[in-house]
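The residues making up each chain are set out below.
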Amino acid sequence: MAKLPKPEELSKIDYTPPKTSWMDTPVVFKEGMFCHGSKPKSLDIVGFPNPRDWRPADADWKLPENWKEILLEGIAERLEKYRSFRLFMDICVRCGACADKCHFFIGTGDPKNMPVLRAELIRSVYRKEFTLAGKIFGKMAGARELTLDVLKEWWYYFFQCTECRRCSVFCPYGIDQAEITIIGRELLNLLGLNIEWIAGPVSNCYMKGNHLGLEPHTIVGNLEYMLDDIETVTGKRIKPTFNRKGAEILFVTPSGDLFADPGTYTCMGYLMLFEELGLDYTWSTYASEGGNFGFFTSNEMGKRLNSKIYAEAKRLGVKWILGGECGHMWRVLSQYMDTWNGPADFLEVPKSPITGTVFENAKSMKMVHVAEFTADLIKNNKLKLDPKRNDHLNVTWHDSCNVARGMGMLEEPRYVLKNVVNNFVEMPEDTIREKTFCCGSGTGLNASEDMDLRMKGGFPRANAVKFVHEHYGVNMLANVCAIDRATLKPLMDYWVPGVNVCGLHELVANALVMTGEKERTTDLRGEPLPGIEQKEEKA
Amino acid sequence: MIHGNMNLNHYLIEKKSAILKKWFDAVVETYPHETSTFLRKQKAQFTNPVGYTLSEGIEHLFDALLQGMIPDTVSRFLDSIIRIRAIQEFSPSEAVSFIFQLKKVVRQELGKEILGQQGIAEELAVFESAVDDLALFSFDLFMKCREKIYELKANEAKNMTFRLLQQARLIVDNQD
Numbered sequence: 001m002a003k004l005p006k007p008e009e010l011s012k013i014d015y016t017p018p019k020t021s022w023m024d025t026p027v028v029f030k031e032g033m034f035c036h037g038s039k040p041k042s043l044d045i046v047g048f049p050n051p052r053d054w055r056p057a058d059a060d061w062k063l064p065e066n067w068k069e070i071l072l073e074g075i076a077e078r079l080e081k082y083r084s085f086r087l088f089m090d091i092c093v094r095c096g097a098c099a100d101k102c103h104f105f106i107g108t109g110d111p112k113n114m115p116v117l118r119a120e121l122i123r124s125v126y127r128k129e130f131t132l133a134g135k136i137f138g139k140m141a142g143a144r145e146l147t148l149d150v151l152k153e154w155w156y157y158f159f160q161c162t163e164c165r166r167c168s169v170f171c172p173y174g175i176d177q178a179e180i181t182i183i184g185r186e187l188l189n190l191l192g193l194n195i196e197w198i199a200g201p202v203s204n205c206y207m208k209g210n211h212l213g214l215e216p217h218t219i220v221g222n223l224e225y226m227l228d229d230i231e232t233v234t235g236k237r238i239k240p241t242f243n244r245k246g247a248e249i250l251f252v253t254p255s256g257d258l259f260a261d262p263g264t265y266t267c268m269g270y271l272m273l274f275e276e277l278g279l280d281y282t283w284s285t286y287a288s289e290g291g292n293f294g295f296f297t298s299n300e301m302g303k304r305l306n307s308k309i310y311a312e313a314k315r316l317g318v319k320w321i322l323g324g325e326c327g328h329m330w331r332v333l334s335q336y337m338d339t340w341n342g343p344a345d346f347l348e349v350p351k352s353p354i355t356g357t358v359f360e361n362a363k364s365m366k367m368v369h370v371a372e373f374t375a376d377l378i379k380n381n382k383l384k385l386d387p388k389r390n391d392h393l394n395v396t397w398h399d400s401c402n403v404a405r406g407m408g409m410l411e412e413p414r415y416v417l418k419n420v421v422n423n424f425v426e427m428p429e430d431t432i433r434e435k436t437f438c439c440g441s442g443t444g445l446n447a448s449e450d451m452d453l454r455m456k457g458g459f460p461r462a463n464a465v466k467f468v469h470e471h472y473g474v475n476m477l478a479n480v481c482a483i484d485r486a487t488l489k490p491l492m493d494y495w496v497p498g499v500n501v502c503g504l505h506e507l508v509a510n511a512l513v514m515t516g517e518k519e520r521t522t523d524l525r526g527e528p529l530p531g532i533e534q535k536e537e538k539a
Numbered sequence: 540m541i542h543g544n545m546n547l548n549h550y551l552i553e554k555k556s557a558i559l560k561k562w563f564d565a566v567v568e569t570y571p572h573e574t575s576t577f578l579r580k581q582k583a584q585f586t587n588p589v590g591y592t593l594s595e596g597i598e599h600l601f602d603a604l605l606q607g608m609i610p611d612t613v614s615r616f617l618d619s620i621i622r623i624r625a626i627q628e629f630s631p632s633e634a635v636s637f638i639f640q641l642k643k644v645v646r647q648e649l650g651k652e653i654l655g656q657q658g659i660a661e662e663l664a665v666f667e668s669a670v671d672d673l674a675l676f677s678f679d680l681f682m683k684c685r686e687k688i689y690e691l692k693a694n695e696a697k698n699m700t701f702r703l704l705q706q707a708r709l710i711v712d713n714q715d
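These protein sequences, in sequence, are chains A and B. Heads up: the first sequence at position 155 corresponds to 155 in the working numbering, and the numbers run straight through without jumps. Count along the second sequence from 1, then add 539; that gives the number in the working numbering.
Simulated from the structure, these hints should not be mistaken for laboratory data. From a predicted model like this one, the values you see are computed outputs, not experimental measurements. Just so you know, not all the hints are guaranteed correct.
Stated by the list, open to error - Restricting the straight-line Cα-Cα distance to at most 20 angstroms, the calculated cross-link-like pairs of lysine-lysine (PhoX-like) are:
no.	chain 1	residue 1	chain 2	residue 2
1	A	Lys41	A	Lys208
2	A	Lys435	B	Lys582
3	B	Lys582	B	Lys561
4	A	Lys135	A	Lys245
5	A	Lys518	A	Lys239
6	B	Lys642	B	Lys555
7	B	Lys580	A	Lys19
8	B	Lys555	A	Lys30
9	A	Lys135	A	Lys68
10	B	Lys643	B	Lys555
11	A	Lys112	B	Lys580
12	B	Lys692	A	Lys30
Please put together the full structure from these sequences, using the hints given.
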């Protein structure tokens, strides 16, 4: 029988954590805080090193014998290749301005989620191996050996950062923590240490063109379901085209919009809008992914996955590309595509065929975000809108990190929103626009097994939603990001029950008065439109 | 200062701010040092939501205890604290331990002299029993939160499976 503690022993339980310095506090892997390890098949398909079955919670990670050498060479190579990386390793003065700005730190209360400390995990090894002071003074200079425990700590915490860059807004030196995480993950991938929720979609996208691994007939089939629903709501049958050569525009959106609610309602929104405009556009079943989980793996992998969009645009002979509602897709396409796979000189500078507006901001990469496109349509009075159809909704706006903080797209979605709904409330100032709080599930952390982590990371966001829900009756959280649409829903279910989640173009399509449509009685979700129930009762 | 004929509630109201400060300190000390410093430093509702929720929550809970456990207040503010601690790095006992800390804090603040007064011991027993009720209720809330997490995990898996079955035409609507 196990020894029972005596009453006086029980009364001595101390809940105060031990005061050890972070270097002396070993990492403990806690269930719910990390994702499954990458499967060998997923790594094999894209030719990544060390494909094998492994489990993050196991002691043996089945690493190659010379893992340390591989990693140190990897760091050296990246210090040489990316000036920013060397700069970020050297210039931090540990002022702490970033410390309390991270949603993961706020939510978990774990000091190693302070951005400064997360960076120190790698910086300490950099000092030890690449600086004279670190070599001589060791721990006194904030340096430490690269050990297996350190490696595990890297893995645990670089997959507890969503590269949202909120911390960098507050850094006086402009250190971009996202780049440190990006490189941290790149290094881990040299040893085959990815998570399956990223590695799986990457291999799917590489082979099939999208993260979910949807094959062409499935993509068409999924869209057919939506077309049926659109017909039920509007009485109109839409016939989009696929892989059509000679179309003016190629439309690319995250595959999440094709598969899961509420993304599918957003997708119905695109279909209805483009139909009403008579847009000469095509879907592609090959460039069928706007997102890029390669970007969460390594720069090289991001580039490889991204190349298919330009390749498909070239093959189809379109003039320019229109992008659906996605967060990181937009940052990748705007800030990386051109240098990775450009110049896209076979495309034309995007010009709206409806308004004649030339999108000068897309001069180089030749791609326009659908929120910009629609804002321009509304500004030029090209859409007939009836915002009353959204009167059952009291909407607030979540600025998705990569779109808002990353790309400065703050006004366009708000402009669209204000034209399609009558009830719009902003969340508190410190939680929107450049200072927006992340959903807590970005950069491939939107798996189910790390639900605890997601709920913690999303808490600051949810807390602001709770405020507008309680004070202004907000019942809908709108955004332009596929990961947000998928992950904010469970976040709301846990923290703010009663708030739903939608994409911008679902609201646009609800309000859009289409030529020859029947009188609408429901919104895209099949919910009765405001006033309809009373009308039916009277009849 | 000790007044004649004062009951426990009067003392607790008089010493409210000192009790709340100590109770708050006891709660934030369950976090690592760097984190407790942050939680204490500022209590901004949106940029330090954990610190704010704890500080606002314990004050309302204390008031509710004094006013005879108003169910709505208890349920709302205890829920907001437990909802956070149920997903943080705590074991179940650690997550709800802060409730029991109140008993210790109250006894410390009242001091021997007040505790020795006639009738106070009986009133304190009633008060502490109410604190125990709060602790029991917090177990229920803790479990509800954990069950919600498992439900969310299960729902994600179910939704995905449903879609896959639908795609494979293994399930179709009746009208189809």
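To see whether the hints hold, each was checked on the structure:
1. A:Lys41 <-> A:Lys208: Since the Cα atoms of Lys41 (chain A) and Lys208 (chain A) sit roughly 15 angstroms apart, the hinted pair holds (cutoff 20 angstroms).
2. A:Lys435 <-> B:Lys582: holds, 18 angstroms
3. B:Lys582 <-> B:Lys561: Distance ~16 angstroms between Lys582 (chain B) and Lys561 (chain B) Cα, so the pair holds.
4. A:Lys135 <-> A:Lys245: Status violated; Cα separation ~60 angstroms.
5. A:Lys518 <-> A:Lys239: Cα-Cα ~18 angstroms, so holds.
6. B:Lys642 <-> B:Lys555: Roughly 13 angstroms between the alpha carbons, so the hint for Lys642 (chain B) and Lys555 (chain B) holds.
7. B:Lys580 <-> A:Lys19: holds, 19 angstroms
8. B:Lys555 <-> A:Lys30: Since the Cα atoms of Lys555 (chain B) and Lys30 (chain A) sit roughly 38 angstroms apart, the hinted pair is violated (cutoff 20 angstroms).
9. A:Lys135 <-> A:Lys68: holds, 17 angstroms
10. B:Lys643 <-> B:Lys555: holds, 14 angstroms
11. A:Lys112 <-> B:Lys580: holds, 18 angstroms
12. B:Lys692 <-> A:Lys30: holds, 16 angstroms
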